[in-house]
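Let's have the full structure, built from the sequences with the hints guiding it.
Each residue of the sequence shown is one higher than the one before, starting from 1 at the first, in the UniProt record's numbering.
Calculated from the structure, these hints are not laboratory results.
Note that the structure is predicted; figures quoted are calculated from it, not measured.
Honestly, I wouldn't trust all of these hints.
[What the hints assert, rightly or not] Quick list of simulated restraints, FRET-style, between CB atoms:
#	residue 1	residue 2	range
1	N109	P8	11 to 21 Å
2	R73	N109	13 to 23 Å
3	I82	K20	12 to 22 Å
4	P14	W67	34 to 44 Å
5	A65	Y2	14 to 24 Å
6	S27	S81	31 to 41 Å
7	T68	K114	19 to 29 Å
8	S80	G29	34 to 44 Å
9	Y2	S81	32 to 42 Å
10	T88	S27	27 to 37 Å
11	A56	P8	15 to 25 Å
12	P45	K20	14 to 24 Å
13	N15	H66	29 to 39 Å
Glycine is no exception: its CB is placed at the ideal position from the N, C-alpha and C atoms.
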Amino acid sequence: MYPVLMRPWLGNMPNLRYFKLGGTRPSRGLYVEWHHIFDAIRDHPNVSGPSPKGLAVEFGHMRSAHWTRMIYRVVICHDSSIATERHTHDTDPDGLNDENYSLEKHFYNELRFKGNHGLRYLLDDLDVDMVESDSEDDEDEEWVESSGEEEH
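Structure below.
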């Protein structure tokens with residue numbers, strides 16, 4: 001499948017109310033390419049248009065990285081009376097294991113793809129070692145403070 005080609009195709013179907021994708025992977029094996037389809041869903045008139053009707057989205061065992069397959073089934077719409085109740089944030093401090101929450105942050109245009117570490121991790125587009133949690137920042141600050149005191 002070619003996700004890059006799916007984006008304009010989905011955008012040209014304003015009456016689309018149900019989209020199902022499963023048991024597939026991107027043709028070039030780059031899971032990050034799924035973001036083209038996610039962008040098309042986010043920008044679809046039935047999700048974010050002037051009078052959205054909702055878009056039912058179902059991903060069934062869609063391979064999203066070498067180690068996982070995504071299962072996701074909701075109705076996405078900026079009108080909360082139409083949309084499925086949103087997933088809440090997990091306790092994972094880095095948000096890397098919170099796929100549904102991260103995906104919905106993208107669908108509702110609340111977090112840009114570049115800064116959505118959970119979604120990028122899900123799509124095998126993030127080096128986990130590059131993500132810093134708050135606890136690591138605190139440790140670095142303590143070291144800087146203590147090393148500065150020793151110089152005086």
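Going through the hints against the structure:
1. N109 / P8: 11 to 21 Å: holds (19 Å)
2. R73 / N109: 13 to 23 Å: holds (21 Å)
3. I82 / K20: 12 to 22 Å: Between I82 and K20, where Cβ atoms are some 18 Å apart, the hint holds.
4. P14 / W67: 34 to 44 Å: At 36 Å between Cβs, range holds.
5. A65 / Y2: 14 to 24 Å: holds (18 Å)
6. S27 / S81: 31 to 41 Å: Given range 31 to 41 Å: holds, Cβ gap about 38 Å.
7. T68 / K114: 19 to 29 Å: Since T68 and K114 have Cβ atoms about 21 Å apart, the given range 19 to 29 Å holds.
8. S80 / G29: 34 to 44 Å: Distance hint for S80, G29 holds at roughly 37 Å.
9. Y2 / S81: 32 to 42 Å: 35 Å Cβ-Cβ, so the 32 to 42 Å window holds.
10. T88 / S27: 27 to 37 Å: Holds: the Cβ-Cβ distance is about 34 Å, inside 27 to 37 Å.
11. A56 / P8: 15 to 25 Å: With Cβ atoms ~21 Å apart, the hint holds.
12. P45 / K20: 14 to 24 Å: Holds, since P45 and K20 (Cβ atoms, about 19 Å apart) stay within the stated range.
13. N15 / H66: 29 to 39 Å: holds (36 Å)
Hint check: no violations occur; every hint is consistent with the structure.
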